[in-house]
Amino acid sequence: VISGIEPADLVCEMEAALYQLKHNRPDPHFLGVHLESNQVERYLPSWAHPSTKHLVHWDQDSPDFDLGIFTDVSKLNGQVGAAFSVFDPQHSGDFQFRLDDHCSVFQAELTAIKQALLWKQQNRPHGNCHLFTDSMSSLKALQKFAPKNNLVEDINSLLDGTISLHWVKAHIGVAGNEVADKAAKAASDRPSVDIHLGIPERSLKTSIRHLLLREWQDRWKDDNAKGRFTFNIFPEVKTNRCIDNPQLSQVVTNHGLCPYYLKKFNLRECNCRCGEDVDDDILHYIFRCPLLDSQRSLIRPGQSVLQILPDKHRTKEVKSLLSFPFLHQQDIFEQDPEDIS
Numbered sequence: 001v002i003s004g005i006e007p008a009d010l011v012c013e014m015e016a017a018l019y020q021l022k023h024n025r026p027d028p029h030f031l032g033v034h035l036e037s038n039q040v041e042r043y044l045p046s047w048a049h050p051s052t053k054h055l056v057h058w059d060q061d062s063p064d065f066d067l068g069i070f071t072d073v074s075k076l077n078g079q080v081g082a083a084f085s086v087f088d089p090q091h092s093g094d095f096q097f098r099l100d101d102h103c104s105v106f107q108a109e110l111t112a113i114k115q116a117l118l119w120k121q122q123n124r125p126h127g128n129c130h131l132f133t134d135s136m137s138s139l140k141a142l143q144k145f146a147p148k149n150n151l152v153e154d155i156n157s158l159l160d161g162t163i164s165l166h167w168v169k170a171h172i173g174v175a176g177n178e179v180a181d182k183a184a185k186a187a188s189d190r191p192s193v194d195i196h197l198g199i200p201e202r203s204l205k206t207s208i209r210h211l212l213l214r215e216w217q218d219r220w221k222d223d224n225a226k227g228r229f230t231f232n233i234f235p236e237v238k239t240n241r242c243i244d245n246p247q248l249s250q251v252v253t254n255h256g257l258c259p260y261y262l263k264k265f266n267l268r269e270c271n272c273r274c275g276e277d278v279d280d281d282i283l284h285y286i287f288r289c290p291l292l293d294s295q296r297s298l299i300r301p302g303q304s305v306l307q308i309l310p311d312k313h314r315t316k317e318v319k320s321l322l323s324f325p326f327l328h329q330q331d332i333f334e335q336d337p338e339d340i341s
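Reading the sequence shown from the start, the letters are residues 1 to 341 in this note's numbering.
The hints are simulated quantities; they were obtained by calculation from the structure and are not laboratory data. Keep in mind that the hints are not guaranteed to be accurate.
As the list claims (entries may be wrong) - Under the rule of at most 25 Å between Cα atoms (straight-line distance), these lysine-lysine pairs were calculated in the PhoX-like manner: (1) 75 to 140; (2) 22 to 221; (3) 22 to 185; (4) 169 to 182; (5) 263 to 226; (6) 75 to 53; (7) 205 to 238.
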């Protein structure tokens, strides 16, 4: 918990589940949850001859046009919508599609572009068209020689010399983009799904990781689990937490060179010479022991560990305080006479 590292058994089980999903093994489970492997987005190679591939160009120009199409997407309240708006040159129509709730924004952006090109192919096959999108990730994906994405390959097959691609920055007042944005929001609110796509592998990994974190948190909350001292400081598990300093690790675990710890693990029978505290634990030396008063300048009784850890000056003082008993054990620790004999 203090290092932000997930339990090894959960990580192994998660990796096994991901392997089963990736290789389409039957009936994969993780922590008792059935994973729908048949709903995962899978790449099906198109086997197109390399000579049929062409370099995709795009720019950031805003040219005048007789036919322009603006695409956009929306993900609101867990629902995903894609849309495109046609201008010839005035606004003449919006086309909206709701996608499965599990779809990613990237999938939606590509779907909007694909549907726009299909419309153009069916309605204006020979006319020049300028297509505008605010999705740079989609445009860059179209430039990959081997994208390994069926939506990208479908779009590439629809592109021809009559189509020009342009990137437009979102939410800066471009009229066509604002119209498409409203259409996409309306698309996400449609009553039923229009286009079904597989669950992106990244989204599935995120969902499985959430299950792992939930199980880890449940284990940590168990009153019978070890580390209740640390739990009172860090009741929530986090992967971005990392306490790697030896002295600070002692602070958050109460495991270190102090009478409480030494007696608990039958390492040495001793007490603090100050006689002020029953426990004589790590916090005793940080906050209360009068023998270390001369070493304290920033830390005071009543402060908490959570107040100290983010402060580099206080943590520096803590390191010094915990080093003092180590260097002056004979002056700090009073051994039990029976232990001496």
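*Sort out whether residue 182 lies within 25 Å of residue 169, counting only the CA atoms.*
holds (16 Å)
**Message:** For residue 22 and residue 185, compute the direct alpha-carbon distance and say whether it is at most 25 Å.
**Reply:** violated (33 Å)
Within a Cα-Cα threshold of 25 Å, do residue 205 and residue 238 meet the stated pairing? Cα-Cα ~17 Å, so holds.
Given the hint that residue 22 pairs with residue 221, test it: the Cα-Cα distance must not exceed 25 Å.
Between residue 22 and residue 221 the Cα gap is close to 32 Å, so the pair fails against 25 Å, i.e. violated.
For the pair supplied as a hint, residue 75 and residue 53, is the alpha-carbon distance within the 25 Å limit?
violated (32 Å)
- Query: CA of residue 75 to CA of residue 140, is that 25 Å or under?
  - Reply: Roughly 21 Å separates the two Cα atoms, so the pair holds.
Are residue 263 and residue 226 close enough, with their CA atoms no more than 25 Å apart?
-> Given that 25 Å is the threshold and the Cα spacing comes to 18 Å, the pair holds.
Of the numbered hints listed earlier, those contradicted by the structure are 2, 3, 6.
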